[in-house]
Each structure stands twice: as structure tokens, then as C-alpha cells.
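Whenever a hint applies, use it, and build me the whole structure from the sequences.
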Amino acid sequence: MRDFYLAQGYQNSMFIIKHKKIFLSVSIVLVVLSIISLFVFGLKVGIDFKGGALTEVVYTESRPAQEVLDPTLQSLGLGSVLLQPTGEMGYIVKSRDLNDAEHAVLLRTLSMDGKNVLTETSFNSIGPSVGRELTRKAIIAIVLVSLAIICFIAFAFRKVSKHVSSWRYGFIAIVTLLHDVIIPVGLFVILSQYFGAEVDTLFVVAVLTILGLSVSDTIVIFDRIRENLNHQAEDREKIVFSEVVGKSLEQSFVRSISTSLTVILVLLALFLFGPISTKYFALMLTTGMFFGAYSSLFLASPLLVLVEEWQKK
Amino acid sequence: MRKMWKKIVLALIILILATGVGFFVFKSESKLNSNFENERAFFKNHSFRLGLDLSGGSHLIYKADVSGVPSGQVSDSMDALRDVIERRINLFGVSEPVVQVQGGGLSSSFILGGENQLIVDLPGITDVEKATEMIGQTPLLEFKIEGEEEFVSTELTGRYLEKATLEFDVNTREPQVSLQFDAEGAKLFAQITKENVGKMVAIYLDGAAISTPVVREEIKDGLAFISGYFTPTEAKTLVGRLNSGALPVPITLISKQTIGATLGENAVAAGVKATVIGFLLVALFLILWYRLPGLVAVVSLCIFIIIMLAIFKLIPVTLTAAGIAGFIISIGIAVDANVLIFERVKEEMRLGKSVKDAVTDGFSRAWFSIRDSNISNVITALILFWFGTSLIKGFALTLGMGVLVSLFSAITVTRIFLSVFNFVGNGRVARFLFSSGLSK
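These protein sequence lines map, in sequence, to chains B and U.
Under my numbering, the first residue of the first sequence carries the number 47, and numbering increases by one thereafter.
Under my numbering, the first residue of the second sequence carries the number 2, and numbering increases by one thereafter.
A few of these clues could be false.
To be verified - Not everything, but these chain U residues come out facing chain B in the computed CB check (under 8 Å):
| # | residue |
| --- | --- |
| 1 | PHE37 |
| 2 | THR133 |
| 3 | SER256 |
| 4 | LYS257 |
| 5 | THR259 |
| 6 | ILE260 |
| 7 | GLY261 |
| 8 | VAL336 |
| 9 | GLU348 |
| 10 | ILE376 |
| 11 | ASN378 |
Said to hold, decoys possible - Taking lysine to any residue and the SDA-like style, the derived pairs with C-alpha atoms no more than 20 Å apart in a straight line are:
| # | chain 1 | residue 1 | chain 2 | residue 2 |
| --- | --- | --- | --- | --- |
| 12 | U | LYS274 | B | PHE317 |
| 13 | B | LYS325 | U | VAL277 |
| 14 | U | LYS64 | B | PHE317 |
| 15 | B | LYS140 | U | GLN258 |
| 16 | B | LYS96 | U | THR390 |
| 17 | U | LYS188 | U | ASP222 |
| 18 | U | LYS32 | U | ASP222 |
| 19 | U | LYS394 | B | LYS140 |
| 20 | B | LYS96 | U | LEU254 |
| 21 | B | LYS293 | U | LEU352 |
| 22 | U | LYS394 | B | SER192 |
What the hints contain is simulated information worked out from the structure, not anything from laboratory work.
For glycine and all other residues, C-beta sits at the position ideal for the given N, C-alpha and C.
Shown next as C-alpha cells:
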């Protein structure tokens, strides 16, 4: 019974090792597509970072047509004003940052001098200096989190191991990490292009959280590989590296999927039912978690085997 | 057998404590407790504290111009600024306003680019014009002396004002505002009046001259009067504002945000819905996949949620949409440790160990993986919290606390409960209950 299980398990994970090139290709294609779309479409930066104003209104009785409002809005001297319908009865107005007087003028124009009664559901005006400051903070946070995680990886792999040297584990862990971040960013580019998503503070938080969530999975699997290598090294000198990796993968398989699945389940709930303000955030994290699990099973370990094979040549 | 009893008692104590904490969470929430109005103050004071994006309100960021302040005194004058603004807001009766100073200091100038900011949160105030008016009307009081062409500033400002009082002129019955300076201000005033006998001294309020009396003699007692320019109501307002303090440094509004109450309510409803559904999905998965241990994990997950909610109330943590997201994610991560343990237990069982031994060994061997898989999340949460704006802080705080609390709930609590089930023995039923997935 036990042997059968192991044999069967081996077949599962060996399947991954054997077809590693297919799984690697999937990752490479997705990463390349993400990078291309990033350069072709670019990311739309929201007012959090570049400054500007966002006014959201809902009309009580009837919403004036866009064509009616637009000419007046453009002539207010607020720069170019972007008018987007939202829901059945509302508009979102994007403009440069507004002072109190300009804000009042904007509201009066939207209500057509009081003819169309409206409620302002949210107003957000951010000066350019606040945006610059937030950008600076975001960059520092990204650098710090990346450094801290690299340090953590270095610490986790401080002991030298046979077959594949320590720093290679670290290097591959970082490659997987990039993979896990780049694909959700690619998705965001698409969301940005077709659904008007904009890079805001939550986008940065999402990227950083993906970094934190996805690295742990890879490290736990690598830990297992090292543990098994050390065990086997005691038994006999000659061991097949890819087999050890396969065994370790098998041991981590269910765990890896289970832990990712629970987080993906809550993230999906957040995406489908949660507040509007965190929808894109949840979707990005869901993608990040999914590819985080994918990469630790189908990318990181096969890469290790590949590196070992190249080393032998 | 006595050991067994100990464990059962321990498990019961945890359940009772958790129920108690849960009772507190329930009692202190107006939406859940229909009798909330009649509850004791302790419960009433521990409602969830909702951030502006959930409760509706205004969020304002001011930049303080500290160029005129000696570098050693910047943080003092920023604190003074905060106190003044706080007093001014309290005058208008806003409930639970939050006024914070950001920036200043060496460490943060590296991040903030040295900008000194004042952040003002006004829950419930959704009229941004009214809000800025309330704060922005700066009774900047200045004393100027005759220069060659125009009045020139002196060192004497509202900063040295000890108190202002409303009085009525004995002869004309007109309202007048009397200004009493503190010791230093009195000295300055004495000097100014001494040097300017026969000349005009202008009293400026908010940059406009409101009174230009001619100095007859040196005034040593530090008492000045402004008269002839107001109705009694105006004079009264001015006195109120002068007493609540003139701003020690000029401020400019650089960012403002208003969130309507409906939008906030919808976000809360959606957040609660997502949390409940997220929890149910995870619970369903745990029970279907991990059977008896899964059920135990669900119980510890409930305890985890109760503890977290109680912490939110007791600290209190200001909940935002991002904070709720952090909490929801922490529910997903909280069972991580359990999954690691259960998988290890299964492995130990496969090695031929009894259920009891497998559970014991599984717990001790899974620890390193648990530690490793949580470190990176704690790192991220710490950095986000340290660097964060209020939005990010909310997320980092709930996520970080979630990871830490989950270590307790998923390891300690689960272990105690599981050990109670030791009596199921080592038979086929027991092995089935402790197995997982599709295996029989």
C-alpha cells in the first residue's frame, strides 16, 4: 500500500520534472507577454501618485447626457476634464487638483446650476507634492521589501549544499519571485487598458504582498529538497538529483496547493463580494497567489534540475 | 487517563474564554446587539472604529511652512500646530477627529523629503468646503509698525497671546477685544510701544489691518485692545478663535478627500459579506479535505477570528477597506500552519506510526516550515506599516497581527483540541478521520 502510494506519487512529480520544458515555456510565454504589454500599453498612473482630483457624483432624478455636460466642463479652465459614467445615475470626473472654489464651480456645472439634483459621493484632490512624496515612499518600500526578502533567502540558504550550490537556490528563488510579480502586473496592464484600472497605493501593496506570500512557498519546497539531499547523502554517495527533487516535490505537492488554495479562496471572496475599492487589489493578489503556487511547483524545482544538468555538461 | 482529563479541561477553558471574548465582540457592536443603547459604557465604548472610507468623512492633508522656524524647534511648533487645530475642530463638535503630524525629524525627512505635514481626519463631515473652512480660517494675529512706505512686521504675533476677552467699551458700548500677552509678549509689546510713541501700530488679523491705533505711551502691562470693527457676534467668534490659538506656522491645504456615507456603508456591507463567504469557503475546504483535524482547524479559525475582532476593538484598530482586505487574507493564511501540520501528520502516519504519535511528531516537525512560511509575511507587513500612509498601515496592521495571532490559534489551540481526540484510538475509523483528501 505504502510502496504503491510512493510509486504513484513519484510518477506525479516525475511527470513535472520530465516535462519541465513545457511548464517552463508556459511561464516564459506569460512573463514575456506581460512585459510586452507593459511596454506597449504602459501603466496608467492614478492620482495617488501624479496628483489630481477625482469627483464622484450620483444624480437623484436624472443624469444629464455626457455631450451636454462635456463642453461646459472643458471651458471651466480646469484643464482637460475627463467625464466617465458610473452606475445608472452617476459620473466620475477626473481633473487636475482643485481648490475649494474650483470644486464648487465643478459641482455647480455638474448639477447644471441646480437643475439636476446630485449628491457628491466622494471627492479626492491630491496636490502634486503629495503624489511625489507617495511615489518616493512607494519606491523605498519596494526596495526595502525586496532587500529584506533577498536577505531572508540568503539566510534560508546559508548552508552550502551538494549538487547545486547555495546561491543558485537563492537566484532561482528570486527568478520565481519576479515571475510571480510580473504576471499579475501584466494582468493589471490589461485591466488598465480595458477597464480603466489605475496604479494606486493598493497596487503597490499588492505587489509587495505577492512578494511576501509567494517566496515562502518556494523556500519551503527548497528546504525539503535540501533535507532530502542530506538524508540521501548519508545513505549512499551516488544519488540522482532529479529524483530527489521529484520526491521533495511530491512531499510538498498537496501542502503547497492547500495553503495557496485557502488564500485564493478568501481572495476570490474578496474579489467577488468585497468592497469596490479593493476589487483590482484582490484580483491581482489572486493571480499572484495562483502563479506563486504554480511557480514553486512547476518552475522553481524544474529550474533547479535544469541548472544541475547544465552544470554537469 | 488523568493526563487526558487535564487536556479536556484545558480545551474547555479555551472554549469558555473564546465564548467570553465572542460575547464581548457581540455586546459591543450596535449592529448585532439590539439592546445596544442600554448596554454599559464599557461595551458602548468598544464599537469597531471605522476609517473614513468606511464611515464617510473628510481627510485633509496640510503642508506646514516651517521655513521661519529655527530648525531645533520644528517638531515643537508642529506639535503646537496640531494642538491648535485639534482645539479648533473640537470647537465645532466633530466626533472622534484624528489630527496627526507627519514628517519632521531626521529619519522621516529621508522618506518624506523633509516636508512637514498635518493630517486631519474628520469622520462624518462630508462637506469638504465646510471642513476646510473650519480649520483654514486662520486667525493669524500680527502686530506691525509704521515703516517708510508700509507697515513692517514685528516679532510680536498671536503666539505670545495669553488670552483674549470680549469686553464692551464703557463709554461707547461698542464691543472690543482685549488681548493679554504672556511675559515674553508683554516685553515685546513694551519695546514696540516705547520705540513708536506717536506713531501707528497696526494690528493685523489674517493679513488685513483691523485696527491702527496711535501709541501714546509705552505699554508695560502687555494689554492691548482692538475695537470699533465688529458686531458683538463677530467679536465673540474672534475671541473664541484667538483663544483656541493662533497657528504657530502657516499651513496650506495640499490634498483633500471626502467619502460619502452611503459609499462607506456599502463598502462595510461588502467587506462583511466577503469575510463571511471567505471564511465559509475555507471552512468547507478544511472539513472536506482534512476531515476531523480539518473540523478542529475550523474551530481554531473561529477562535482566531474572535480574537482578531476583539483586538480590533480593544487597541483600537481603525478599520479601512484595505484593512478588511488584510484581515480576509489573514484568514486564508491562518490555516497555513494547520495545513503544514496536517500534511506532516499524514506523512508520519504513512511511516507506520500510530495516530497519536503521528500527531505529536507532526506538530514538532512542522514548526520549521511554519516559521519559514510566516517570516516573509511578517517582514512585508512590518515594512509596509513603517512606511505606510494610513491606508497601507491599516492593511499591514491587520495582516501582520493576523499572521502573529494565527501562530497561536493554529498551533497551540489546534494542538490542544486535537489531543482531546486521542481517544479515537488507532483503528480504521481513527485513521480515516485523520487522513485527508480522497484516501479511504
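Verification of the hints:
Checking U:PHE37 against chain B by beta carbon gives a least distance of about 24 Å; that is not within 8 Å, so the hint is violated. Because the closest C-beta pair between U:THR133 and chain B is about 6 Å apart, less than 8 Å, the hint holds. Against a cut-off of 8 Å between C-beta atoms, the interface hint on U:SER256 holds, since the closest Cβ of chain B lies about 5 Å away. This hint holds: U:LYS257 has a C-beta 5 Å from the nearest C-beta of chain B, less than the 8 Å allowed.
Hint status for U:THR259: holds, given a least beta-carbon distance of 4 Å to chain B, under 8 Å. For U:ILE260, the shortest C-beta to C-beta distance to chain B is roughly 5 Å, which falls under 8 Å, so the interface hint holds. Interface hint status for U:GLY261: upheld, as the beta-carbon distance to the closest one in chain B is roughly 4 Å, under 8 Å. At a threshold of 8 Å, the smallest CB-CB gap from U:VAL336 to chain B is about 5 Å, leaving the interface hint in force.
At a threshold of 8 Å, the smallest CB-CB gap from U:GLU348 to chain B is about 7 Å, leaving the interface hint in force. Contact between U:ILE376 and chain B, as hinted, is supported at the beta carbon level, the nearest pair being about 6 Å apart and thus within 8 Å. Given the 8 Å rule on beta carbons, the hint for U:ASN378 holds: about 5 Å separates it from the nearest Cβ of chain B. For the hint linking U:LYS274 to B:PHE317, the alpha-carbon distance of about 11 Å falls within 20 Å, and the restraint holds.
This hinted pair checks out: B:LYS325 and U:VAL277 have alpha carbons roughly 17 Å apart, not beyond 20 Å. The straight-line distance between the Cα atoms of U:LYS64 and B:PHE317 is roughly 36 Å, outside the 20 Å bound, and the hint therefore fails. Pair hint B:LYS140 plus U:GLN258 holds up; C-alpha atoms about 14 Å apart against a cutoff of 20 Å. Restraint check for B:LYS96 and U:THR390: the C-alpha separation of about 16 Å stays at or below 20 Å, so the hint holds.
Between the alpha carbons of U:LYS188 and U:ASP222 the distance comes to roughly 9 Å, so the proposed pair stays at or under 20 Å and holds. Restraint check for U:LYS32 and U:ASP222: not satisfied, since their Cα atoms lie roughly 58 Å apart, outside the 20 Å limit. Of the pairs offered as hints, the one joining U:LYS394 and B:LYS140 is violated, with about 26 Å between alpha carbons and a cut-off of 20 Å exceeded. For the suggested pair B:LYS96 and U:LEU254, the alpha carbons sit about 17 Å apart, so the restraint of at most 20 Å is met.
Restraint check for B:LYS293 and U:LEU352: satisfied, since their Cα atoms lie roughly 15 Å apart, inside the 20 Å limit. Of the supplied pair hints, the one linking U:LYS394 and B:SER192 holds, its CA atoms being roughly 19 Å apart against a limit of 20 Å.
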